[in-house]
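Number of protein chains: 2
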Amino acid sequence: MTNWVGDSVVIEGGHKRSGGRDGRRALRGAPMLAFPALVREIPTYELLPDEAIELIHDESMKILEEVGCEFRDDQAPAMWKAAGANVQGTLVKIDRGLLMELVAKVPSEFTLHARNPERSVKIGGKNTVFVPMYGAPYVRDLDGNRRYGTLDDLQNFHKLAQMAPQLHSASSIICEPMEIPVPKRHLHIIQSALTHSDKPFMGIVTSKERAEDVIKMAGIVFGDSFVKDNPVVASITNCNSPLVWDQTMLDAMRVYASHNQPVILAPFALCGASTSASPIGAVAQVNAEALAGVAYTQLIRAGSPQIYGQFMVTVDMKTGAPMGGTPEAAQMMFVMGQLARKYKLPWRTSGFHVGSKVNDAQAGYESNMLMHAAILSGANYIWHVAGWLEAGLACGYSKFMTDCEQLSGWYKYAGGLKFDDFKEAMSAVREIGPAGHFLGTSHTLENFEKAFFMPTIMDFNPFEQWQAGGSKTHDERGSDKARLALSNYEKPKMDESITDALAEFVAKRERELPNTIS
Amino acid sequence: MTNWVGDSVVIEGGHKRSGGRDGRRALRGAPMLAFPALVREIPTYELLPDEAIELIHDESMKILEEVGCEFRDDQAPAMWKAAGANVQGTLVKIDRGLLMELVAKVPSEFTLHARNPERSVKIGGKNTVFVPMYGAPYVRDLDGNRRYGTLDDLQNFHKLAQMAPQLHSASSIICEPMEIPVPKRHLHIIQSALTHSDKPFMGIVTSKERAEDVIKMAGIVFGDSFVKDNPVVASITNCNSPLVWDQTMLDAMRVYASHNQPVILAPFALCGASTSASPIGAVAQVNAEALAGVAYTQLIRAGSPQIYGQFMVTVDMKTGAPMGGTPEAAQMMFVMGQLARKYKLPWRTSGFHVGSKVNDAQAGYESNMLMHAAILSGANYIWHVAGWLEAGLACGYSKFMTDCEQLSGWYKYAGGLKFDDFKEAMSAVREIGPAGHFLGTSHTLENFEKAFFMPTIMDFNPFEQWQAGGSKTHDERGSDKARLALSNYEKPKMDESITDALAEFVAKRERELPNTIS
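In the order they appear, the protein sequences are chains W and D.
Reminder that position 186 of the first sequence reads as 177 in the working numbering, one-by-one numbering, no gaps.
Reminder that position 131 of the second sequence reads as 122 in the working numbering, one-by-one numbering, no gaps.
If a hint is listed, it holds; no wrong ones were tucked in.
Quick list of in silico lysine to any residue cross-link-like pairs, SDA-like style, CA-CA up to 20 Å: (1) W:Lys414 to D:Glu57; (2) D:Lys441 to W:Thr310; (3) W:Lys175 to W:Glu501; (4) W:Lys84 to D:Gly427; (5) D:Lys409 to W:Ala43; (6) W:Lys333 to W:Leu93; (7) D:Lys463 to W:Arg138; (8) W:Lys175 to W:Val497; (9) W:Lys84 to D:Glu422; (10) W:Lys53 to D:Glu415; (11) D:Lys414 to W:Ala264; (12) W:Lys409 to D:Asp49.
Source of the hints: derived by calculation from the structure; they are not laboratory data.
It should be emphasised that the depicted structure is a prediction, and the values quoted were computed from it without experimental measurement.
Take these sequences, add in the hints, and give me the full structure.
Structure (structure tokens):
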């Protein structure tokens, strides 16, 4: 098979054994827009023993029982009171019995539907999905310049997300279309995600009305009755650490959960600032915050699918700036994974999120420090896996492409080692014996492409050949690939009536909404 | 404590709890040339179940029993015959009973002595040592230019290795001093390693005489009688895959093992070319090759300390060039670690070895793909962890520095999570409650530096601040740090009589040896 830029891509399970090179050549005819679902076939890494996980769990429970969590609006505290929690104003103290009873209602696995059923994915269990970044006001453009994002950029990133076979979602606000007034921006973001891609997408959470617009737009595409009960959009709600769920987030939870749409309940924790300066202490707090959010969604709609999660980075002591790929971020990820499995919850973490300003060596070190942990910790929804630079302030075209290629490697990694041709490989050793080489054996010819990761943005050519090609850095090669990919984009099919109805809805809401926030 | 470039470095176990900031400030007075030994306090990652490891072991045994391994010289086959192996010419077929009996004689842990006893390290068990790269004909210099290495460069790298507290060895041929005639080169390499650093070092294996010169030079520094029995120098012998140990390597094994000096028995495997195109098949073959080498050292000197090992990279199908940080390299590392634990052997792998020509994003992705696996696979001797570029053809100053900083992170990672201040961290949560921040709590002030990795070559400053500093890439910042470090170097103490004796030995051998290989 070829992918979007004509590279040969062989992913186990991607096609049946095809009878050698001819078969493979035939399969290369059509570009591949999505790898088969990633089902992890390797063990998770259990950093801490069970007793330590229980100790952390116990401290999380004590936080919610004794310190409490704020739910800062009118509705949530009343709902908690009715459920039996100890409520004083907006401060809610939740007994572990009640909390765990609510958490247990969340399905451990569910299907997130795409408008193209072939792109639907399972969330939870051994399934892992890769989702590109979200929320960048800036872009690093194809010439390496940093500037504000535009709708044109956002559309480009939705196109790339659609074409990258490694990605399972178009995300939504990959970058902010800064030229569009804030009150109207969400309409164009969702319209672009839904029309440029037929993969799952993400919602908007910045106000109740905007969340409702998302549900309506999803209804236009999937049908209102489908969206009432079937997960089609995943949205992010962040707890304000320490221990505050604010009205905006609670509104978003109510809109989405009432439609049975999954919300990611993830504290955005700057460890050392919004948590204590202890990785274990930070995990105990974030776990309490995330579980309080998860439990609240079950007061809205019991049994609704939800995603437990975390975004935990340490902060630079000198400036307070968030860091990216540090050892503690990886360690905390492992522990959150262990907790998620204890609670049998689908869970989200982040992959290639870095502090580096550019797609340089720092970005690379940071990215694979984190992704290795994300994969081995058994995360189900690995977010921010394409484009992320500058602690999320910028999305880079080159970073987007280089990240996607790395994901092909992680696909192979998570697929585990195959024993199916072990006997044949051992026969090849007998055939060759001491000395000699294996390049001409039938086993090699049959298995080479499948056996090893063969990237093309990464450059393994001899020095002289690399030099003859212009001595390009990985960053430059990533930009080249982005240009090539964008020139190959084809819009996925959508009924004209749906395209028109979406456009009408956007136009109508544009007329209704103000240009500035009053 | 400060390290070589004045950064604050806090490694658990590096100093006793010091009573707060004053204590820490006092400790920053003296530069730190070596972190405390790295004892891994995290579990290993077991990629495969035990049954699969047994299956691979069984296939390795069959290779040695049925196909055999060549020992291409006069002495080794005779020694094998005397030990009871089935020998035909240079082809040696080794029964698994005999093989495992010999392998079992190798100590599972031993001390590698440095000339400064404070720098001696343990090899095996839960201990991990980090050793800089070896063998580069080229350097990427401080201005980013690629050129042949010189003695001046080599001395610089030995200085940096001495100063980097993360490194446990000066290696030896970090880069080749290309201006020195080959027959005399080893003398200057070893003299530089022994005089510019007081950490353990590595030997030369390119001929029997050169290996003997290394033993003599070690004798001058450590005393001949000490070197007769105590490990002071680790050397690399590579099997020529498939299944050939050549005379040069066998000579080196005999010189070193007869002095009780450890040899790394590591096939240099280009998977797909010198092994079958199957990661599992490659592991089974490399395991057979390494074990055959390990067993042979025990015929030379039973009970001598040895290091089982591997260097396994996949090859680029288009050019045959070796790759670096690929998923299969990581997977194979995990399996080799499982095999090493089965055999109770200290084992070597490689850390930051990349195919990238420059210290760019590719180099970063590759580096941490591999190091993550090296740490989690429980490797004891992690080589090529500083400087490596271009599949080993070049050593970069900037890469050397950025790798060393990353190693500080890996130190923290491998040290595991600390529960000693968990109660205090939880008290801080009670003190702050919902909302607010933790920056001013006593727990934070006391623990911040210790809690989190705080690198300085990596840049987490806000964009504007980074831009004001010249928008430097990680590669450029690495070169800056190398310049700063070299300007701060101080030679470690060595008795003048030893310095003179080494110089005399070098001068004498220079007179004896030809300038060209006859």
